[in-house]
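Q: So the chains spell out like this:
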Amino acid sequence: MPRVFMALLKRAGGMAVVLALVVTVVFLIVRVTPGDPAAVMLGSDATPEDIAALRARLGLDAPILVQYGRFVLDILRGDLGQSIFLGQPVTTALAARAEPTFFLTLFSILIAVSIALPVGILSAVKRGTLFDQIVVGATMVAASVPSFWLGLILIQTFAVGLGWFPASGYGGPGTPFLERLSHLVLPAVALGIVNSALITRFTRAAMLDVLSEDYVRTARAKGAGPSRVILKHALKNAMIPIITVIGLSVALLVAGAVVTETVFGLPGVGNLVVQAVLRRDYPVIQGTLLVVAAIYVLINFAVDMLYLTVDPRVRT
Amino acid sequence: MKRMLLAAGLAALMAGTSGIALAQTAGGGVLTVATIGEPPSLDVMQTPTDIVLTITQHIFETLYIYDAEWQPQPLLAADMPEISEDGLTYRIPLREGVTFHDGSAFDSADVVASLNRWMEINSKGRQVAEVIETIEADGDNAVVVTLNSRYSPLLATFSQGSPILPSETLGGELTDFIGTGPYRLQERRPDQYTQLVRFEDYVSPEGEPSNYAGRREAIADEIRFVPVPDANTRVEGLIAGQYDYADSLPVSAYERVEAAGNVEPVIFENAGWTSLNMNMAEGPLTDKALRQAVQVALNPSDMMLAAFSDERFFAVDGALFPEGFFWHTQAGVERYGEGDPEAAAALMEEAGYDGTPIRILTSRQYGFHYSTGEVAKAYLEAAGFAVDLQVVDWATLTTRRADKGQWDIFITHSNFPGDPTTLNTITDTYPGWYTSEAKSQAVAAFMNAVTNEERFTAWEGIQSVIYEDAPLVKVGNFNALGGLASGVSGYEPAYWPRFWNVAPRG
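Sequence order for the protein chains is A and B. Here the first sequence is numbered in our numbering, starting from 687 and rising by one per residue. Here the second sequence is numbered in our numbering, starting from 2 and rising by one per residue.
Keep in mind the hints are simulated off the structure, nothing from the lab. Note that beta-carbon positions come from the ideal geometry of N, C-alpha and C, so glycine has one too. Don't take every hint at face value.
Label pairs and their computed distance ranges (CB to CB) [what the hints assert, rightly or not]: (1) B:Ala260 to A:Arg763: 52 to 58 Å; (2) B:Glu218 to A:Ala738: 41 to 47 Å; (3) B:Gly356 to A:Ala824: 54 to 60 Å; (4) B:Glu137 to A:Val960: 44 to 50 Å; (5) A:Trp835 to B:Glu218: 40 to 46 Å; (6) B:Gly338 to A:Asp747: 23 to 29 Å; (7) A:Arg763 to B:Glu218: 46 to 52 Å; (8) A:Asp747 to B:Glu350: 41 to 47 Å; (9) A:Ile750 to B:Ala130: 53 to 59 Å.
Stretches of chain B that chain A covers, calculated by requiring three or more beta carbons in the stretch to come under 8 Å of a beta carbon on chain A [as the list claims (entries may be wrong)]: (10) 245-254; (11) 421-433.
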C-alpha cells in the first residue's frame, strides 16, 4: 500500500511540474507571437495613439516580467485573470463554455465507443473475412476524414436538407437544456465517427493479441461458449490498451473539439481558444490552455489509476 | 451494453427535441441575425468598430445621423444647428420628450457629459477635442458648442461613435448600456448571443426613412445577434432557416443562396474600398517618384477581379468616394489606370531605384487582401520592382505596420461613410505617416469651409493632392453580400445592417 501511495505522490508531483511548465511556456509563446490585443479590439482604422492608450488601460505596457509575476500570483490565488476582449473573468468565460464542450465530448466518446467496441471485437473474431476487410478499410478512411469536412457534410444533409437538427449555435435566450443538447447531435456524430476509427483499430488489435493467448485456447478446450470466451476471458484482458486509447481519445477530443466547435458555431472551450488566439486575448489563451492541460494531465492520471484497478501486475 | 443503450436513448431524445428548436427560432416577432463575430465591447465610444456599431446603433443614438447621401440629419437633435457668422459657435436644439431605457429624461446635461467622455476616449473625439473650446448646456433642451477654429466636419463627427448616454452612467468603465434607441439590451452571453428587446417608450424622429435618418419603428419584439465566425456556417445556417439575416457572406455563396428558394441574396453596394498604403517615413517609397511608379504600375481591374472574382461585387473607380455619394468627384485621378509598366519604369529610373525589395504586408484573414497582394506583386515585378510579399495574420499585420522599419506597403480596406476627414490617410499619424505641405493646406481649406459648395471644392483639392503625393493606391470599390430569409420585410441594405422598420417572418 505505501508503494502505491508513493507512486501516486510521485505522479502528482510530476503533474505539478508539467502544469508549471505549461504556465510559463504558454505565457512566453503568447508574448513572443506578434499581434496586439489592443490593435485587434480597435479594428483596422485604429491609430497608434488609440492603440497605445488602450494598451496602457489594459496594463499591457508593463514590463514582461511584471506581467508574468502578476499572472503567476493570480494563478496561485485561483484567479485566471480578466478577459481583455470579453470584459469578464476568464473563469466566468470558461464556466459559460464548459457545458457544450463537456456534453460534446461525452456524446462523442459514447458514439465512438458504441461503434468501436462491437465492431472492433467482431472484426478480430472474424479475422480475414470480408467483414474484417471492410472494417479495416472503413477505419482507414474514417481516420483520415477531417472532422470539419464531415461536419459540413452533416450540416448540409441533416440541417439544411432534412431539417432534423439545427445547423449551428447553442440556442437563443432561455433555450431549455434538452433543446440546447439537440445542437450537439451533428458535431458529436462528426467527432464520434472520426474517433471511432482509432478505437476500433486498437480494439481489433488488442483482441487479436489476446485471442491467440494460451489461456483463451484453454478456455475453448474446456468447452466455454464463444461469447463467454470473448467477453469473459479475452475482452477483460484486452481492456488495458483499449482503456488507454479511450482515455487518449477523450483528451484528443477536448483539443479536437476546437475545429468542430468553430464549424458548428458552438460556444464551447475550443471555440473560445480559437477566437482568443485571433483576438490575442492573452488571459483567455493562458487560462484556457492551463485548464485544458490540467484536464489532459488528470485524464492521464485517471487512466493510470484504472490500470491499477484492472491489472494487478501494474501495482508491483 | 448499458452504455450503448444510454447513447442510443440520448440520441433519440436529442433528435426528438430538435424540431422544437427550429420551430421556435422561426417566428414570433424575433429577428435572428448572424454576425461575423463577437463584439469586443458594447462601449461604442471606446471601440467604434463595425460589429460594435452594427449592434449598438439599435441601443444608442447620436445627435445627428447619416442620410442616404451620408449627410448628417438630426436624430437626438431637434434640428440642424444655428451656426454663428464666424463659424465658431454651434447652438444645437435637442428633442423634447425623449427618455432613456432606464426611464430617465434625456436633456442637455446628458449631451454635455457624453460628448466630454467621447472627447476623452474616442479616437475621432480626441481629434475634435483640439478644436472644441467648450460644450455647454443652454437650458435643458439645447447645447452650445464653441470652437477655437472652424471645423466643418463637426456634425459628421457627431454622427458616428458619439452616442448620448445618461450622465449618471458615465463614471469610469461603462457597465450599463442604456441609450435612447428603439431597442434596449436584455442579455448578452459572449460568443452566444446579444439579445435586444423593443423599448416600449421609444420616441422616434420624424421624416421618411433615409439610410439611418428618419422615422424608426421597432416592429420586431426582439433582435438576437448571434456570432457565427465561420462564413460557410453562416450560409448553411441561413439556408437551414436558423437566421433571418446573415452578414458578410462569401461572394462565392451567391448562387447557392439565390438557388435555395427560402432565402435571397442581398448586395450592399460600395461597402468599402481596398487600398495599398505606402510607407512615407522610411524605406524606398519615401521617394515620391517611386510611389507614383507604384501607382501607374498597378492594374486595379485585375486586382479587383482576382479578389472578388465576379463583376457584380466590385467597381473600378479612382474617385475616393463612389458615385451616389455627395463627395464623389474625379478631380486629380489621372494616374489611376490600367497598369503601365513602361511609365512606371521611367519614373523608377528618374528616382534612381536601386533594386531594394518592396515589402508588401498582407493577410489571409481577409482573403481579398491576399489576392490583391498577389496580383500587385506580379504587376510591380513586371515594372521592374523587386517585391517581397509577406503574408501574416491580421493581428500581426497591425503590429508590424506600426513599426516604420518593417514594411513598405500594407494592404487594407476601409468603409466610405461619413466625412472626407474620416479617411485614415488624412490623419498624419496613421501608419504611412503621410505629411506634406500641400496636404496640410488642402485639409486646412476643408476645415475652414462653411457651405456645402465650399466644402466640396475643398475636398476636390484634397483628393488631387492625395493623387499627386501618392500616399496610397486606391484599388477599387467592393460590394458586400448578405442573405435575408424570405418573408422578412422592410429590410434595406446598409453598411451597418439595421433592423428597425423591419418585420420578421410571419
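Q: Are the hints correct? Go through all of them and say.
A: Do the hints match the structure? See the list:
no. : hint                             : verdict
1   : B:Ala260 to A:Arg763: 52 to 58 Å : holds, 57 Å
2   : B:Glu218 to A:Ala738: 41 to 47 Å : holds, 42 Å
3   : B:Gly356 to A:Ala824: 54 to 60 Å : holds, 57 Å
4   : B:Glu137 to A:Val960: 44 to 50 Å : holds, 49 Å
5   : A:Trp835 to B:Glu218: 40 to 46 Å : holds, 44 Å
6   : B:Gly338 to A:Asp747: 23 to 29 Å : violated, 45 Å
7   : A:Arg763 to B:Glu218: 46 to 52 Å : holds, 51 Å
8   : A:Asp747 to B:Glu350: 41 to 47 Å : holds, 46 Å
9   : A:Ile750 to B:Ala130: 53 to 59 Å : violated, 33 Å
10  : 245-254                          : violated (count 0)
11  : 421-433                          : holds (count 5)
The structure shown violates the earlier hints numbered 6, 9, 10.
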